[in-house]
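A.B. asks: From first to last, the protein sequence lines stand for chains L and H. Note that this note's numbering has the first sequence beginning at 7, numbered continuously upward. Note that this note's numbering has the second sequence beginning at 134, numbered continuously upward.
The set of hints was computed from the structure by calculation and includes no laboratory data. Computed from a predicted model, the values in this text were never measured in an experiment. We put the beta carbon where it would ideally sit given N, CA and C, even for glycine. There's no promise every hint is true.
[Claimed, not checked] Stretches of chain H that chain L covers, calculated by requiring three or more beta carbons in the stretch to come under 8 Å of a beta carbon on chain L: (1) 182 to 190; (2) 206 to 214; (3) 235 to 249; (4) 252 to 259.
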Amino acid sequence: MKLEGTLVLIGLTLKRDWLRLTIWFLSLVLVQAATALSFPGLYTNETERQQLAETMINPAMTALVGPGYGLDNYHYGAMMGHQMLAMSALVMAVMSILLIIRYTRTEEETGRMEIVRSLPAGALAPAASGTVVVFVLNLLIGAGTAVSLGVMGLEGQTWTGSIVYGGALAAAGIFFLGLGLLTAQLSSSARGASGLAMGLMTLFYTVRAVGDVGGGAWSWLSPFGWIVKSEAYVSNIVWPLLLTTAASVILLGAAGWLFNRRDIGSGVLPPREGKAEAGPLLRSPFALALRLQRTSLIIWALVLLLLGAMYGSILGDTDAYFADIEFMKEFMDQMAGVSMTDQFVSLLFVVLSIMATVPALLSTTKLRAEENNQRAEAVLTRPVSRWRLFGSYAVLTVSATVLFTAASSAGLAGAAAAVIEDGRPFQDYFLAGIAYVPAVWVMASASALLLAVRPAFVSWIWGYVTASFVIVYMGGLFQFPAWTEKLTPYGYVPRMPVEEVELLPLILLTAVAAAVYAAAFFLYRNRDLQ
Amino acid sequence: MNIVEMNNVSKSFGRVQALDQVTLRVKKGEIFGFIGPNGAGKSTAIRVLLGIIRASSGTASIFEKDVWKEAVAVHHQTAYVPGDVHLWPNLSGGEVIDFMLRLNGGGNKQKKEELIERFQLDPKKKCRTYSKGNRQKVALVAAFASDASLFILDEPTSGLDPLMERTFQECVFEAKREGKTILLSSHILSEVEKLCDRLAIIRNGSIIETGSLQELRHLTRVEMRIGLHGEAPDFHALSAVAHAEKVDDLWLVQVEADQVNQVVDALHGRDVYLLESAPPTLEDLFMRYYEKEEQP
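Taking the hints into account, I'd like the entire structure generated from these sequences.
C.D. replies: Encoded structure:
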């Protein structure tokens, strides 16, 4: 029988991965519950909720989370269905894709599936066991979410709505379980399969965004569109979820058919070939570093641009919005003679610059990975000095910092200039953001110094980044003393457009970064490689 | 002329003494074998020579240049193949080879293609998908296609099949014919025996013996198989004989390599119908040093 041994394999999967599965389950269910629980505290009465609904009606939010239903009676249920459903479905999709490829194509790639197949197990058992595990996990998360939201019973959170909401999450997860299983048959490597599935997932989400913003039929081409059209908590329409389930059955069937027909280890699509010879530019350590990080540089820049634009797009109604919300007032120290909007913009720029720090540091930590994997050695045993290698990564990081900060600043500045009535010109906002470049350089130089002392120390920088974030972002809320701001480089940057342009602190930050880099260069030159 | 010179090089990692007063000379144009089991210090010594780690004491030079301070100048003429080759997973083998050759200053395109052919490497595959042996082939092609005059090879054949191992040996001999110098670390003793002019044995971070195989053989025993009619001489009485026993009709006698004449003299005038002697293998030699360690 083709399914013989499936139960044993399910047991094996649960035994080796129970923790991973439990974490997925708990984090997804708890995030839903915690978000719902936080609503009454944030928006205490109907007036506040309607104000929120007003700010939510803009293209950026529609693109991000869907068009929203029940905006005219924006109770907590409608909020949940509007703000959380599409994004949570996206997380469910990521989870299902990662897990099903892990249980099928990865097992095949590492040769473990071959061992299983050589035992008296049915030909379909390895794929079936993985599918069952991920399928049941999706059902459990859907049920867990439905029950926790239903029990909570906030205004507008009916049991019917909660069940539709939970069911929508499960349906989304199961659709992408099918898609992941299908791509695992198409590509012969786990990486290729997850790349393909994640790419399709992104495409589906984008198609929904385009459809929702344009109000056209595009949304119907995307499973995310179907999920959102269930209008959980508002109209509770079930048939789009049935449509999703039917599509999942087709995907799973197609995947099973391919799995049964193909040889173990092979894929339906031929593996992509690389080039037999290197391109003319690949001739220096810098070119190699750029080549290795090219894709992530572009993606991060785009993500930061979008993130900036998204933040910027809600600025139009800020003054009216904040004036009524106690929580937001505490968030920022009110300053006399300055508009709330400007103050909020300056806070957003700090936050965005810290976000831009993350990818800037990733390219430093890449050098640590190169060393740990003995690939730095492969370069340094050629006529390449330590300075040249370290310098290549330093130059890349320093330039990437400018790119990332410029991207997030351009996004926010562009949106701010467009939506704020009687606002400032684009360059005023852009300057406010780009002023953070020297502060990010200081963080980058610190990570380089840690690497130069000992590679294992590099991860400490994330602690510093997190601490900086807490200080500058939540310092006002927790009423930290003013001097704490000076513990992070971001605290030295003049907060434009509220504060005046000041060059001296920026020059000093740049000098600090240069000095720290110099020390790092010296130490890196003189230590043993790992 | 010595291409590689290590003088009393020691290296410690914390409390662990990885190298203890290592002295080593590799002459121009020779194939020098560097043997010892895993963990004896072969790779540490090579990493010192490549300027990846710094010696705690002692001096090391290649082409009369300091291996740490003038690493870049040294590497202009050096090619290195590690035992465990790590490559960039998203580049193809061909891209890596070209990149490495360009860092080394160009290399020889025609030779590169010939080597790819000889090692039967598919240069279009991504390094992620290469097996250990294929990654090693990438490093070997990049090394032998370069214009280096010194090759430092650290267990370069551990992932190759016997056919490819032969191709590797041909490449080493060709390099030698071109007057190049090769430092080959290995624990495959038959390979060292076949290739190397001179060798050094390392144990626990110290060099315990250096010399040509011929010279070292004097330090070990020859195994003789003797068949004779009539009474056998008293082999045990000979000072050169370490061990003697009769198996079926033949005597198996182990004799100190430089005193075989004692046995020959003892056999004089007897009715010998079979006399075979097997030269000591490097393995015998090697085992003997390591047995010594176990019997303090």
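A.B. asks: Hint by hint, say whether it matches the structure.
C.D. replies: Going through the hints against the structure:
1. 182 to 190: holds (count 5)
2. 206 to 214: holds (count 5)
3. 235 to 249: Satisfied; 4 residues make the cut.
4. 252 to 259: Answer holds; 4 residues pass the 8 Å Cβ test.
Violation of the numbered hints given earlier is absent; every hint is satisfied by the structure.
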